[in-house]
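Protein chains in written order, with our numbering: chain A, 2 to 260; chain B, 2 to 260.
Keep in mind the hints are simulated off the structure, nothing from the lab. Errors might be hidden in some of the hints.
Intra- or inter-copy, both count: the list cannot distinguish identical chains.
Said to hold, decoys possible - Straight-line C-alpha distance at most 20 Å; calculated EDC-like pairs for lysine to aspartate or glutamate:
# : residue 1 : residue 2
1 : Lys99     : Asp202
2 : Lys208    : Asp171
3 : Lys208    : Glu134
Please read all numbers here as calculations on a predicted model, not as lab measurements.
There are 2 protein chains.
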Amino acid sequence: MTDQRAGDTFPAIVERREAPGPALVVCEHASNRLPAEWGTLGLAPGLAEAHIAGDPGALGLARGLAARLDAGLVHAPVSRLVYDCNRPPHAPGAMAVKSEMHAIPGNAGLSPAARQRRVEAVYLPFHATLHAEIARRLLIGLPPVIITVHSFTPTWFGAPRAVEFGVIHDADPRLALAVVGEAAGCGLNTQLNQPYSAADDVTHTLKLQALPYGLANVMLEIRNDLIATPEAEAAMADRLAPVLARALARVSGQSHAAD
Amino acid sequence: MTDQRAGDTFPAIVERREAPGPALVVCEHASNRLPAEWGTLGLAPGLAEAHIAGDPGALGLARGLAARLDAGLVHAPVSRLVYDCNRPPHAPGAMAVKSEMHAIPGNAGLSPAARQRRVEAVYLPFHATLHAEIARRLLIGLPPVIITVHSFTPTWFGAPRAVEFGVIHDADPRLALAVVGEAAGCGLNTQLNQPYSAADDVTHTLKLQALPYGLANVMLEIRNDLIATPEAEAAMADRLAPVLARALARVSGQSHAAD
Numbered sequence: 002m003t004d005q006r007a008g009d010t011f012p013a014i015v016e017r018r019e020a021p022g023p024a025l026v027v028c029e030h031a032s033n034r035l036p037a038e039w040g041t042l043g044l045a046p047g048l049a050e051a052h053i054a055g056d057p058g059a060l061g062l063a064r065g066l067a068a069r070l071d072a073g074l075v076h077a078p079v080s081r082l083v084y085d086c087n088r089p090p091h092a093p094g095a096m097a098v099k100s101e102m103h104a105i106p107g108n109a110g111l112s113p114a115a116r117q118r119r120v121e122a123v124y125l126p127f128h129a130t131l132h133a134e135i136a137r138r139l140l141i142g143l144p145p146v147i148i149t150v151h152s153f154t155p156t157w158f159g160a161p162r163a164v165e166f167g168v169i170h171d172a173d174p175r176l177a178l179a180v181v182g183e184a185a186g187c188g189l190n191t192q193l194n195q196p197y198s199a200a201d202d203v204t205h206t207l208k209l210q211a212l213p214y215g216l217a218n219v220m221l222e223i224r225n226d227l228i229a230t231p232e233a234e235a236a237m238a239d240r241l242a243p244v245l246a247r248a249l250a251r252v253s254g255q256s257h258a259a260d
Numbered sequence: 002m003t004d005q006r007a008g009d010t011f012p013a014i015v016e017r018r019e020a021p022g023p024a025l026v027v028c029e030h031a032s033n034r035l036p037a038e039w040g041t042l043g044l045a046p047g048l049a050e051a052h053i054a055g056d057p058g059a060l061g062l063a064r065g066l067a068a069r070l071d072a073g074l075v076h077a078p079v080s081r082l083v084y085d086c087n088r089p090p091h092a093p094g095a096m097a098v099k100s101e102m103h104a105i106p107g108n109a110g111l112s113p114a115a116r117q118r119r120v121e122a123v124y125l126p127f128h129a130t131l132h133a134e135i136a137r138r139l140l141i142g143l144p145p146v147i148i149t150v151h152s153f154t155p156t157w158f159g160a161p162r163a164v165e166f167g168v169i170h171d172a173d174p175r176l177a178l179a180v181v182g183e184a185a186g187c188g189l190n191t192q193l194n195q196p197y198s199a200a201d202d203v204t205h206t207l208k209l210q211a212l213p214y215g216l217a218n219v220m221l222e223i224r225n226d227l228i229a230t231p232e233a234e235a236a237m238a239d240r241l242a243p244v245l246a247r248a249l250a251r252v253s254g255q256s257h258a259a260d
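So that you can see chain A by itself, here it is in the shape it has in the complex (with noise of 0.2 Å):
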């Protein structure tokens, strides 16, 4: 791509900014882009597009989901393997040297002047991005609930994964609870806190972004193969749509942020 100049900063989007339901879809891995600052990361051709530089389907999902709740959504325009968004600075996992199997050349060896760069280009203009978002709901009487949208592969070095729907809390487990009581007739394999869970350290926005506004939040991890075309994100959004709408009216009156 050549459509970066030095020094640029990449926020995150918002999408249907409007919109007046009460949740707030955020997708911090929507995106596989590498801008020209950081080349191909030596990636072998066609890498870039697998699953280590973006959630497939994430977004197409996100989409789904944010327009069947009339939700704002908000999503990272750069890949995760530039900043992993879901990331603190200090984590190992922020700029990432390894991907499951895959070496990620250019994370090598990177100096602290590189760090920070990223840290400034993409992590602080994301999270400012989603925090003025969060700050401007909260000011017009809209808190909103935070719903992460992830996806993971159906195998993990080599071994299937049975899991299909994840769901997966920090602190506060309000909204996890609900949603997997409400999943329960939807036909998926759904389980809590798989197959990661906050001792795995990828629950930053939740606790960067929610818990400090007392917001009900959740993250959802959603099997790759299950919305690997558009008309399966479609599905998927009109299959887990009722049952958030379910669980977000059973946290609703409980929100820390309207006490």
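Here the structure of chain A is known, so what remains is to put chain B in place on it, guided by the hints.
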């Protein structure tokens, strides 16, 4: 003042950025400055210099502590009456219509647009600057302990306050308990979670900036009659810096961020 143009924002001021000590001192109520855009907020002459516009002595004490602890310092450049950076946007105290018994005429009946302008001009830039400084320190392997410095009035609605040094915590009490323990011989009436506590919604900065990163943190409140002159500020810094240094030593090695 005539130093402001329409659309200006007011990021936090960072001092001693390269200081290598383990603490980052924060002073949200450092300033009583009312930028031209907001006029005098209808305050009677002299009131803007009183406690209600800023915390008297807090910035001087914060500077004294930062110097003695070799710590960084981040402080707000605008009066809490325009926007109180230690309050979330939807809190009544964010743009208070009343402070103790004093009405703030310029904050009565604010339009949604006027509220949003203050959030964008003061609140978001302050916290973005503080967030960036914390991120930078995390990245270079200096996860900062967060110490916010405030002052309070000797009387409240006419009643005298006996407490001289208040030590307040949010969900993580490690540093507050250590400070109270080390303050035993310092000669001040020291009390935990007085004259305010987290239940009074006074710990927003701790929630927003320290807890998401597992950083040890505390809010300090000093009675303002004890720091009423530059000499008194320096004497209080001399008195409290050793207390804080010992408390910091107690919590070092316990930092969640370093796990």
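Hint check, failures only: none
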